[in-house]
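*Asks:* Here's the letter readout for the chains.
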Amino acid sequence: DAGITQSPRHKVTETGTPVTLRCHQTENHRYMYWYRQDPGHGLRLIHYSYGVKDTDKGEVSDGYSVSRSKTEDFLLTLESATSSQTSVYFCAISGTSGPTGELFFGEGSRLTVL
Amino acid sequence: GDSVTQMEGPVTLSEEAFLTINCTYTATGYPSLFWYVQYPGEGLQLLLKATKADDKGSNKGFEATYRKETTSFHLEKGSVQVSDSAVYFCALTSGGGSYIPTFGRGTSLIVHP
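Taken in order, these protein sequences are the chains called A and B.
Taking this note's numbering, the leading residue of the first sequence gets 44, the next gets one more, and so forth.
Taking this note's numbering, the leading residue of the second sequence gets 39, the next gets one more, and so forth.
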């Protein structure tokens, strides 16, 4: 199994508070992704990274920011959480020398914004 | 742009029934095709893949054949088990420097004893 850990696995927070989700990998994979999963929407890409300090927006990036200061860590931040950001968040990694398309996923972080 | 269309679920079957989940795609170039499975409470994991036309991916009794002429990658299993109950996602990468896989919306499979 690919070494990916997400933290926290569960979080309940209030509207307007900042939240940071962490994805940590031990595989030295270059590409990292943050998705959210909601009923009826499948998986939607929030942000992705193709190297240290190299990140870009996905299809639902509004209200989210990311940072990648080390190969192994990819942080997702909600600056001011809203109820619409209640979701399950998945981190994924891919490829050592190039994007093979095969992703390895973390176990997910369930976020509830009250 | 690239897209993946899967049949909507849930698909409900009895144990030992034959399974087909349809997947069609549009993509530029020569995509690689994937099926992922998500068991309850878990992340997605790769089930099988095919990287060129006419390739057949297989794993755990599941199969899918890359059909370029019909732009399809249907998932099949001859005899499903209760433990196959999960959500199945079809996906592709079209290469050409793209780092971003394209996913279908997922199809929920429920298998009854």
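Source of the hints: derived by calculation from the structure; they are not laboratory data.
Treat the hints with caution; some may be incorrect.
List time: in silico DSBU-like cross-link candidates among lysine-lysine, alpha-carbon distance up to 35 angstroms [stated by the list, open to error]: (1) A:Lys-100 <-> B:Lys-90; (2) A:Lys-100 <-> B:Lys-106; (3) B:Lys-94 <-> A:Lys-100.
In this text, all values refer to a predicted model and were calculated from it rather than measured experimentally.
*Asks:* Against each hint, give a clear statement of whether it holds in the structure.
*Replies:* Here is what the structure says about each hint:
Between the alpha carbons of A:Lys-100 and B:Lys-90 the distance comes to roughly 29 angstroms, so the proposed pair stays at or under 35 angstroms and holds. For the given pair, A:Lys-100 sits about 31 angstroms from B:Lys-106 by alpha-carbon distance, which is consistent with the 35 angstroms threshold. Our distance criterion of 35 angstroms between C-alpha atoms is met by B:Lys-94 and A:Lys-100, whose separation comes to about 34 angstroms.
Checked against the numbered hints listed earlier, the structure breaks none of them; every hint is satisfied.
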